[in-house]
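Visitor: Chain order of the listed sequences is A and B. Using my numbering, the letters of the first sequence correspond one by one to residues -13 to 497. Using my numbering, the letters of the second sequence correspond one by one to residues 752 to 935.
In short, the hints are calculated from the structure, not lab data. Computed from a prediction, not measured in an experiment: that's the story for all the values here. Hints may contain errors.
35 angstroms max Cα-Cα, derived DSBU-like pairs, lysine-lysine [as the list claims (entries may be wrong)]:
#1 Lys190(A) with Lys279(A)
#2 Lys754(B) with Lys190(A)
#3 Lys754(B) with Lys328(A)
Using C-beta positions, here's what the derived DEER-type ranges look like [unchecked claim]:
#4 Gly189(A) with Glu919(B): 42 to 48 angstroms
#5 Ala152(A) with Asp822(B): 17 to 23 angstroms
#6 Ile112(A) with Arg835(B): 53 to 59 angstroms
#7 Arg102(A) with Arg758(B): 37 to 43 angstroms
#8 Gly166(A) with Arg835(B): 25 to 31 angstroms
#9 Ala901(B) with Ala152(A): 25 to 31 angstroms
#10 Arg835(B) with Val478(A): 20 to 26 angstroms
#11 Val6(A) with Asp822(B): 27 to 33 angstroms
Stretch by stretch, here's where chain B covers chain A in the computed footprint (C-beta under 8 angstroms, at least three residues) [unchecked claim]:
#12 108 to 118
#13 394 to 402
#14 449 to 460
Glycine residues also receive a C-beta, built at the ideal position from the N, C-alpha and C atoms.
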Amino acid sequence: MSESALRPLHAALAAFGHIVDGHRPWPRYVLDVAGWGQLVDALGVRRWPLLGLWADGRTVHVALEDHSAAEFAVASLETRDATYHSLGAARPAAIRMERAIRDLAGLNAVGGVDDRPWLDHGQWRITTPLDAAGVRPAVRRAATDYRFLPVEGEGLHQIPVGPVHAGIIEPGHFRFHANGETLVRLEARLGYVHKGTEALMQGKSVADAARLAGRISGDSTVAHALAFCRAVEAATGVDIPARAHWVRAVMAEWERTANHLGDIGAICNDAAFAFIQAHCTVLRERVLQACAKAFGHRLMMDLVVPGGVAVDLAPEQAAAFAGLAVDLLPPFEDMCRIYDSKGSLLDRTVTTGITPRAEIERFWPPGHVGRAAGAGRDARLVPGYPPYTELSFAVPRFTAGDVDARVRVRMEEVRQSVRMIQRMLVAMPDGPLRVDVPAAPGEGMSLVEAFRGEVLGWVRLAADGTVARYHARDASWLQWPLLETAVYDNIVADFPLCNKSFNCSYSGHDL
Amino acid sequence: MLKHMVRSLFARPVTIDGPAAGDAALRELAAKVEALARRRLGRSLSIREIDAGSCNGCELEIHALNNPIYDLERFGIRFVASPRHADVLLVTGPVSLNMHEALLRTINATPQPRWIVAAGDCACTGGLFAGSYACAGALDSVVPVDLRIAGCPPTPLQLLEGLLALLEASAGKVKAAAAPPAAG
Ligand code: SF4
């Protein structure tokens, strides 16, 4: 182990390689094969959480964080023979990302833990669609051709579920192994809603690409559009008008509120307690109707645009929001009290679906999955972005890591978002809403807090200002694997509860 | 809890007359759907929803149809878990090729007569994902479609309007003689 590996992230990466110009706001370091090897070794001894791993042409990028130094950075390796040393052994979250990189860009992780395809089910019109050396013709195979991990033991049985599920939810396949009623393994197979979004964004103007970013995961359309726009604004060095930051944040907090309301209700419904769901869906509907009135779209799609926002918040709509914020909390608190007072409901949520501590430290899952288990940095505060840097608030944290703790994180976040909206409505500055983004090259990264956790956005703009590469890492990438560990030793019937308390995005993951 | 139940007993329902009281369109539409559903279908229409590559925005609004404000079930229209119980397949998304086979299998598991509805711009035209290497695009490039409900995503009101249109159209389509869609 070299001594450089013991330095803070930036100093260590500077020793493994060299910094490049024009990557904002956090530095990017280019490593050679030896430097990448040093990084792999360092990951074995340092706790730097993995934030993302993706390919741009023949280059592999990894985004890392150093908690103790509050540093963020990207390290890159230009692969020569389309291979790179796998990070999967040191960072299990990298395993599926490496499988996705091979499917999309044709780069192979040497020493990888899992060589099965991930997003490519053998159905696309081409293979390796993001391969810089030229895409290849399709290699078709049966959609069902997939090796699930074997499980051996007496009395075990398999329960295959999906991709089409019983409810109105997104598609994915869950392979359960159960011993009687008890789950001994869950393995998810995802990729069913892969739409080739990242390839579609290539060559598009930032305005058109922003619309696609807003459809990476519909429930987080504001957050994903924000992640894209902030990455573009970082790449081009654009300062957007102050008011735009505040309007964006009002949208983002209503989005968070609406989603948590929907999920809290749905979790209770999965415990056969429909009463809370009925009330929560009414509250959610009020939020969406107010957003439609204020901004012209219930989910607020296409309103966060590069350089600012597409609509203003008119004074009478701000007043309507203020009224809604006042009206929303008392009935919501009633629901929280009912949740707290129902033994039959708590019996289903407390101690159900516990995320093991060791896995939390291996994945550092963002959002409510992390915060329910003592982790979960909030990107609004660290690294932080406007206007949150002007609004003090505490990140709710629990330690139990069970369904109940995830419900409680969400309840606290609803309260916090609504109060934050009230403060923002008062404190918002007046002024312009949007500036032009120059057509210029650059590289930019963003970290944005969506309702389910942090979204990482990374963009490389071509000389004409169009998108050469955009990568979005939804929080779900770091949460789906945890779901598999959380359901271990739970009964099959509690899976829906565990799943809903996570509510990972399929589309946000499959892209 | 008890307090809430008692309050619910005496409160006016939130459905239509509640927060959306000003929404004449919804009230009028609801009445039409109800009358038609009763006449044509003897108060039952079962919908199986299939996400064929949606961004999940469409699902959020389809979910909203079940909230107490829109309360779809009072029209006798309900979402069912199995395609074998369905009259209508409500399909969202630009038919991601990874979902293609599962979609066809679900359609084939749905007994005739059945109606296939494309919900959302993606299912209607491929939306922003048209032309992707990973999507078939418009639903009707894969299976004949009986109705398209545009919108990204369509609002619950637009979805209700669409279902009304379907009920109207179904008048001319004798159930037993429905043309078999050439699925799969
Ligand atoms: S129509 Fe719009 S909301 Fe619906 S799946 Fe497509 S992009 Fe998402």
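Visitor: Hint by hint, which ones does the structure fall short of?
Guide: 2, 6, 7, 11, 13, 14
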